[in-house]
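Q: Residue numbers (our numbering), protein chains in the order written: chain A, -10 to 416; chain B, -10 to 416.
All clues stand as given, with none of them false.
Copies of the same chain look alike in the list, so a pair counts if it works inside one copy or between any two.
Subject to a maximum C-alpha distance of 27 Å in a straight line, what follows is the list of computed DSSO-like cross-link-like pairs (lysine-lysine): (1) Lys161 with Lys282; (2) Lys356 with Lys371; (3) Lys371 with Lys161; (4) Lys110 with Lys(-8); (5) Lys30 with Lys(-8); (6) Lys143 with Lys391; (7) Lys30 with Lys110.
Bear in mind the hints are in silico, worked out from the structure with no lab data behind them.
Protein chains: 2
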Amino acid sequence: MAKDITIGFLGCGNVGSGVWRLLEGFGADIEHRAGLRFNVKKVLVRSLTKARDIQFPDGVLTVNPDDVLNDPEIQIVVEFLGGEEPAYSLMLRALNAGKTVVTANKVAFALHWHELQKAAKTHGAGLYYEAAVCGAIPIIHSLEESLQANRIDKIYGIVNGTTNYILTRMSKNNEDYETVLRDAQQLGLAEPDPAADVEGLDAAYKLSILASLAFHGRVPFEDVYIEGITHVSAEDIRCGQELGYTLKLLAIGKRDGMNVETRVHPTFIRSDHPLANVSGSFNAVYLHGHACKEMMFLGRGAGDMPTASAIVSDLERAATTCQHKYPTFVNELNPKVALHNNTDWQCPFYIRVSAQDEPGVLSRIAKCFADECVSIAAVQQKGEQHNGRVTLVVITHIASEKAMQRAISALDSQIATLESIIRVEQE
Amino acid sequence: MAKDITIGFLGCGNVGSGVWRLLEGFGADIEHRAGLRFNVKKVLVRSLTKARDIQFPDGVLTVNPDDVLNDPEIQIVVEFLGGEEPAYSLMLRALNAGKTVVTANKVAFALHWHELQKAAKTHGAGLYYEAAVCGAIPIIHSLEESLQANRIDKIYGIVNGTTNYILTRMSKNNEDYETVLRDAQQLGLAEPDPAADVEGLDAAYKLSILASLAFHGRVPFEDVYIEGITHVSAEDIRCGQELGYTLKLLAIGKRDGMNVETRVHPTFIRSDHPLANVSGSFNAVYLHGHACKEMMFLGRGAGDMPTASAIVSDLERAATTCQHKYPTFVNELNPKVALHNNTDWQCPFYIRVSAQDEPGVLSRIAKCFADECVSIAAVQQKGEQHNGRVTLVVITHIASEKAMQRAISALDSQIATLESIIRVEQE
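Model the full structure from these sequences, guided by the hints.
A: Right, here's the structure in full:
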C-alpha cells in the first residue's frame, strides 16, 4: 500500500520542470521500491498563459501563492523561485504552516538559513537543501550524515559550472576571457547577465553553506572574501601551466582551531591535483578531515535533471523520516565557542609584473617583498622586451595576505607595475 | 543532556583500534554537537595478554563473545573480525538479540546480506555497512539516500587500494608486477598472502554490494566475473598508454533493463577519464544515473582512521534514527522482476599476439575475428622481430565477450599466439 504525499511547487522553471518529469517518469519505480506516491497538487507560476513543455492537468497551475501555502493537504513545498525574495518569505510561511520545505535556492538559504531552520524546528517541519549546492552531488547530505566524525580542516570547491567552463576553455585552447564568455552565453552556459557567476557571488553563497556544515559553525555569506574571474588573462593561465599549475575559481574554506577563512578567488593549484582535472561545467568538492583524510565528490552541479535528482532524493528522505534532523552549530549551543573569521590567510602567491629592463630592478622588487617578510621561491623572466620593459613572474613562499598586499603597494611604478596577483594553494 | 549509547566490539584490530581512538579523541565533539556519548563496554579479542597500543580499562577486553552478545546494556555491536566466520554467526546472534550491527566486513556481508537483513528487520535492529565498501567514501549511504531517484545504468569502481597501488606504480615507472608487489608487501600495502586482493576477490565482494544497491536488486557474489591482475604485464600497460589508455582493476556493474552484468578485471580506460587519475591506494566509484548523470566519489578506501570515519558515522546514524531503514530489492517485492545475470557483455578488446612475420598472417588473424563478427578498429606492429615473430596489438570495435573468446580459440598457434587480452571501457 503506497503512501500518498501531496506536494506543491513554488515556481516551475528549468529545475521545477525537471522534477515534474522525474516524478512522472520514475514515479512508478519510487512507488514500487519505496512505497511512496508523490502528487503535485499545485504549482505557483508567474503566468497561466505562457507556453510550456509540460502539459499540467487542469487546476494545477496557479498565480496565487496562497493556493500552495494555505492548502492543508500539501505536506511538502518545493521551492524553485531562486533569489532572495519572494522565495524567503514564502518558504518561511510554508514552514510556519508546518509544511516541510525542499529548496534548490542557495541565495535565500545562505542568507536566511538561521531563520528558516528556527521556523522549521519550531513547527516540526523538515528543511532540505541538497539541491542548493552542486546540483546532483550529495555533498550536503554527506557532510551532515557521513562525515560527522571528522574535524574537517579544509574544503575546496569548484562549485560554479559557468566559470569552470570558461576557465577550462581558456586553459585548453589559450582563448581570451571575452571570447569564451560570449560563446558560453550563446551555448546557454552563461546568463545574459553573467555577473553572479563570473564575479564569484554564486560560489560564495555555496561556500557559506558548505563551510557552515563542514565546520559545524555558521559562516555568514558576508564573511566570504570574493573575487571573480573577470580579470583573468590567458597569459597568466599559460604562465601558470608552465610552472605546473592549473587555474580554477576555487571556493576555499579552512579551519584552524576556532579560526575560519572562507574565500572565493581564482586560484592556482598543482596540475596533478584531482581538482585540476575537473573540467567543463562539472562541479567538485574536495575536503580533508582528520579521520577520513582526502576525499572528493565530482558531478553535475547544475541542469534540470541533475538538480531534480537531488530534489527528489530530498523528497524521499522527507517523506520517509519519522523525525526531521537539523544540523547543529556549536556556536549556537555555546556562544563562547564562536568561530572567528580570519582575513589574513597564508598562501604562496603568483605575481606578474611588468618591470624596467635594467640592472638592479630585480633587487629593488625583491626588497619590497623582503621588507614585508615575503620570501621569493622563483622568478622567471618571460617573453621579449617591450618599450624597455620585461615581464617577470614571481612565485613566493607562503606569505600572509596582508603582508603581500603591503609589498605590492610598495612597488615603485617607475620600476615595476603589477599586472596580476593570483593566490596559490599547495595542497 | 547527552544520550548514552553502550556499544560492544567484536574484534579490535587495525580498524577497531581506529574507532576506539576516534571515539576517544573526538567524543567530546560528538557529545557537544550531537548529544551522544558512546561507551565501549566490551571488546572481544583473541588474546587478553597480547601487547596493544591502546590501554583498555580493566574488564573491557574479553575472549568470550557472550560477554558482548548477552549483555542487555549493549545496544550496538560493531564487528571488525573480517572474513565469513565466525563474523556472520556472531552478527546474526547480535541481530536476533535485537542489537544493531555496524560492520566493516564486506565478505560476511556480501555473502549473507539477505539473512542478516531479514534478522535485522524481524527484530527491529539496525544494520549498517558503510565501512564495508571503500572505507571513508560515503558511497553506500549516497546510493541509499541520495541517488534513489536514479535509474543507475553503470557503476565503475576502483575499490581495492592494493591493486591500484601496484598498477599505478607499474604504469608510472614501467615496473614489473613482481617487483612492485614485493615492495607493496614490505610497505604493508599488500598482505603477505596477497591473493584476495590481487586475484580480484576483494573487489568482487564490494561490487556485489554496490551493484545490489545501485540496481535495487540482489546481485550475488557468485554472479560476479572475476579476473585479477597477476598476469598483467608492464608491456601491455605501456602499449595501452601509447593508445591513450590507462590500465585499472575495475569493478564494473551495468544494467540494461533487467539484464545486469558484473565483472572485475583489468580494464583499459581512456587516460582522460576521471578514474584514470585515481592513483596509489585511493579508491573511487564512478557512476551514471538517468537523472544525476556522471558522478564520482574519491577517497581513502582503507586504513584505520578513514574506515573509522565511516564506522562512527554509522554509529551516529544508528543512535539518532527513530526507525532503522533497509534497502528494498525489487525482485524481493516481486519475484517476477528478478534481475538477469548477463555473462555475454559487449566491449572493445585490446589483444596482443605474437605472430609469424610473413605475408598473409594479418589477413588470417583478421579472418578469425571476422568469422565471429569481431571488427578490428586498429592494428599496430610493435617492436622488433624475434625468432621470426613480431608483436601485434589489436584494438577491436565493440564485440561480444563470447564471440571474442571463440575468435581467440580459433587462432592457429602456428601463425599467432595470444599474449594477452584486456577489455576496454570506452565510457
